[in-house]
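*Asks:* If you want the building blocks of each chain, they are given just below.
There are 2 protein chains.
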Amino acid sequence: MRVGLVQQKFYGSKDLTIKESLKSIKKLKEHGAELIVLQELHQDRYFCINQNIDNFDLANSWEDDLLFWSNIAKENSIVLVTSLFEKRAKGIYHNCVVVFEKDGLIAGKYRKMHIPDDPGFYEKFYFTPGDLGFEPIETSVGKLGVLICWDQWFPEAARLMCLKGADILIYPTAIGWFDEDSDDEKQKQLDAWITVQRAHSISNGIPLISVNRVGKELDNSCVIDGIRFWGNSFVVDAQGSFIYRAGDKEESVVIDIDLAQNENIRRVWPFLRDRRIEDYSEITKRFIDSV
Amino acid sequence: MRVGLVQQKFYGSKDLTIKESLKSIKKLKEHGAELIVLQELHQDRYFCINQNIDNFDLANSWEDDLLFWSNIAKENSIVLVTSLFEKRAKGIYHNCVVVFEKDGLIAGKYRKMHIPDDPGFYEKFYFTPGDLGFEPIETSVGKLGVLICWDQWFPEAARLMCLKGADILIYPTAIGWFDEDSDDEKQKQLDAWITVQRAHSISNGIPLISVNRVGKELDNSCVIDGIRFWGNSFVVDAQGSFIYRAGDKEESVVIDIDLAQNENIRRVWPFLRDRRIEDYSEITKRFIDSV
Numbered sequence: 001m002r003v004g005l006v007q008q009k010f011y012g013s014k015d016l017t018i019k020e021s022l023k024s025i026k027k028l029k030e031h032g033a034e035l036i037v038l039q040e041l042h043q044d045r046y047f048c049i050n051q052n053i054d055n056f057d058l059a060n061s062w063e064d065d066l067l068f069w070s071n072i073a074k075e076n077s078i079v080l081v082t083s084l085f086e087k088r089a090k091g092i093y094h095n096c097v098v099v100f101e102k103d104g105l106i107a108g109k110y111r112k113m114h115i116p117d118d119p120g121f122y123e124k125f126y127f128t129p130g131d132l133g134f135e136p137i138e139t140s141v142g143k144l145g146v147l148i149c150w151d152q153w154f155p156e157a158a159r160l161m162c163l164k165g166a167d168i169l170i171y172p173t174a175i176g177w178f179d180e181d182s183d184d185e186k187q188k189q190l191d192a193w194i195t196v197q198r199a200h201s202i203s204n205g206i207p208l209i210s211v212n213r214v215g216k217e218l219d220n221s222c223v224i225d226g227i228r229f230w231g232n233s234f235v236v237d238a239q240g241s242f243i244y245r246a247g248d249k250e251e252s253v254v255i256d257i258d259l260a261q262n263e264n265i266r267r268v269w270p271f272l273r274d275r276r277i278e279d280y281s282e283i284t285k286r287f288i289d290s291v
Numbered sequence: 001m002r003v004g005l006v007q008q009k010f011y012g013s014k015d016l017t018i019k020e021s022l023k024s025i026k027k028l029k030e031h032g033a034e035l036i037v038l039q040e041l042h043q044d045r046y047f048c049i050n051q052n053i054d055n056f057d058l059a060n061s062w063e064d065d066l067l068f069w070s071n072i073a074k075e076n077s078i079v080l081v082t083s084l085f086e087k088r089a090k091g092i093y094h095n096c097v098v099v100f101e102k103d104g105l106i107a108g109k110y111r112k113m114h115i116p117d118d119p120g121f122y123e124k125f126y127f128t129p130g131d132l133g134f135e136p137i138e139t140s141v142g143k144l145g146v147l148i149c150w151d152q153w154f155p156e157a158a159r160l161m162c163l164k165g166a167d168i169l170i171y172p173t174a175i176g177w178f179d180e181d182s183d184d185e186k187q188k189q190l191d192a193w194i195t196v197q198r199a200h201s202i203s204n205g206i207p208l209i210s211v212n213r214v215g216k217e218l219d220n221s222c223v224i225d226g227i228r229f230w231g232n233s234f235v236v237d238a239q240g241s242f243i244y245r246a247g248d249k250e251e252s253v254v255i256d257i258d259l260a261q262n263e264n265i266r267r268v269w270p271f272l273r274d275r276r277i278e279d280y281s282e283i284t285k286r287f288i289d290s291v
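Same order as they appear, the protein sequences are chains A and B.
So for the first sequence, our numbering puts the first residue at 1; every next one is plus one.
So for the second sequence, our numbering puts the first residue at 1; every next one is plus one.
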């Protein structure tokens, strides 16, 4: 499977940002990409940086956005993983991945299940938690286990996608540093973020793609200074080994992923064979208090 | 919490091996260790390297082993994590961690839940799967989430220990390389082993200790040449950052672990707050076949 990924900054407006994305998509297609993955909320700035009810207007274009990206998938004859702000009903909005088939039809949607909320990342204000569960999306290039950003920290999400037959895990992301943190702390955060995702690959015997944004975006509410999105998009194989690691600037590349390795690695490290499923039921508890 | 750990080789006999362990325990106690962790099946060679019914005799000393290590814990006034071959009943044997209190009493037991089985590691032949579940062991130094080796690859085990209030995860281990594998493959295996465990620390906000054996042990059945146990015992803090990493030779060290960090890191990265427990129930399935 030849995958293209686009690690990009916000260009000051939705129009300019999309224009840059389209250039990258065109280039990746020319290099043979069959599947292209864009970062989380790639159309615009990361508006969750503060709480402002006017920002919900950014979802007013939801229906048009679907048509637009459907056309892009069709024109380029690619499977396209987009990450959009879904307006579902009055007062119900989702952080939603829409996957388009090569013919422009919608292959499937995933609504972000785990919603973060901390200074600079006020997603619980904007996004209703997803209600589509953890379902891989069947496409012409394979069964895509698409999850979004904060989902990265939850092994349950990766495991469920794997148990439902996903061929690959894909995480569009928007994560970054605060400039005021020490270099040591920044390095620890980045390292933890990469490590936890590589572990999903290892414990499930499945390749993984993570696509993050870059650039600094300011908080005009002045609660924080802003977020410097750390890039570092990466691809690992079914053993969690790096196939590709980006830096912290814009990059768009095509990567070849061998999906046949999933079977091979699971024969050597048969973790799925040995799960003690009869003893896992308390995973569905919030916490188990001492008696 | 000041923890001591002993990364050791097999000295050709049980007596000689234990003698070396006791020297290390004495030294670690002198350096202030309150808790000491020994590696998996530390009394003897890694007998699961081949299938031989005579090896079950190694468990005949089970009751004596309990008395012996109880005395060591009491004499040194330490909490002691031992890893023993339990003879429970005729034909029922377990790979069992026994934790002793400073007064020599048994604080708790953990019977290995996930049992591996592949060339050189024939554990399904020897060990009945554990039936005590994933229960942390309450001790005077904290609540110990003790798991064993192959359990390392299963995020469910770490999560359940954490949900049940474990303060720390502890993995006695016996894992190694085959000399005939390439250096690149060996590095990938070691890296995956470290990565998957660090991820348990990160996703649960909990420190983790992993203690592995060293040295080469031969397979006298000649199915394989032998196993070179790779050492590389390590300790990470509640953010998954290394506090200590051993090499591939014998080492015994004391490490200070700050259990107060668990609360601090979970406030900054509140993964436990955001779990979608209502959507995790299929974790208890073996696999979810497509309809």
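There may be inaccurate statements among the hints.
[What the hints assert, rightly or not] The calculated SDA-like cross-link candidates involving lysine to any residue, where the alpha carbons are at most 20 Å apart (straight line), are:
id : chain 1 : residue 1 : chain 2 : residue 2
1  : A       : Lys124    : B       : Glu278
2  : A       : Lys186    : B       : Gln261
3  : A       : Lys124    : B       : Gln261
4  : B       : Lys188    : A       : Lys124
5  : B       : Lys109    : A       : Asp279
[Said to hold, decoys possible] Output of the computed footprint for chain B on chain A, the stretches with three or more beta carbons under 8 Å from beta carbons of chain B:
id : stretch
6  : 67-81
7  : 128-137
8  : 186-200
9  : 263-276
10 : 279-286
[Unchecked claim] Per label pair, the in silico range of CB-to-CB distance:
id : chain 1 : residue 1 : chain 2 : residue 2 : range
11 : B       : Cys222    : A       : Ile106    : 56 to 64 Å
12 : A       : Val268    : B       : Glu250    : 41 to 49 Å
13 : B       : Gly91     : A       : Lys285    : 28 to 36 Å
14 : B       : Lys216    : A       : Glu250    : 46 to 54 Å
15 : B       : Asn52     : A       : Gly165    : 24 to 32 Å
16 : A       : Asp131    : B       : Leu105    : 45 to 53 Å
17 : B       : Glu250    : A       : Asn220    : 39 to 47 Å
18 : B       : Arg2      : A       : Asp191    : 44 to 52 Å
19 : B       : Asn52     : A       : Glu263    : 47 to 55 Å
20 : B       : Asp184    : A       : Lys216    : 35 to 43 Å
If you are wondering where the hints come from, they were derived from the structure by calculation, not from laboratory data.
Here a beta-carbon is modelled for each residue, glycine too, at the ideal position from N, C-alpha and C.
*Asks:* So, for every hint listed, does it hold in this structure?
*Replies:* Do the hints match the structure? See the list:
1. Lys124/A to Glu278/B: Holds. Lys124/A to Glu278/B sits at ~18 Å (cutoff 20 Å).
2. Lys186/A to Gln261/B: With a Cα-Cα distance of about 17 Å, the restraint between Lys186/A and Gln261/B holds, given a limit of 20 Å.
3. Lys124/A to Gln261/B: 26 Å, violated
4. Lys188/B to Lys124/A: Distance of about 38 Å is beyond 20 Å: violated.
5. Lys109/B to Asp279/A: Measuring from Cα to Cα gives roughly 17 Å; hence the hint holds.
6. 67-81: violated (count 0)
7. 128-137: Coverage by chain B holds for the stretch 128-137 of chain A (3 residues, Cβ < 8 Å).
8. 186-200: holds (count 8)
9. 263-276: That given contact holds, which follows from 8 residues of the stretch 263-276 of chain A lying within Cβ reach (below 8 Å) of chain B.
10. 279-286: holds (count 8)
11. Cys222/B to Ile106/A: 56 to 64 Å: 58 Å, holds
12. Val268/A to Glu250/B: 41 to 49 Å: Cβ of Val268/A to Cβ of Glu250/B: about 29 Å, so the range 41 to 49 Å is violated.
13. Gly91/B to Lys285/A: 28 to 36 Å: Distance hint for Gly91/B, Lys285/A holds at roughly 35 Å.
14. Lys216/B to Glu250/A: 46 to 54 Å: 49 Å, holds
15. Asn52/B to Gly165/A: 24 to 32 Å: 40 Å, violated
16. Asp131/A to Leu105/B: 45 to 53 Å: With a Cβ separation near 50 Å, Asp131/A and Leu105/B satisfy 45 to 53 Å, so the hint holds.
17. Glu250/B to Asn220/A: 39 to 47 Å: Check failed, 58 Å falls outside 39 to 47 Å.
18. Arg2/B to Asp191/A: 44 to 52 Å: 26 Å, violated
19. Asn52/B to Glu263/A: 47 to 55 Å: 32 Å, violated
20. Asp184/B to Lys216/A: 35 to 43 Å: About 38 Å separates the Cβ atoms of Asp184/B and Lys216/A, which means 35 to 43 Å holds.
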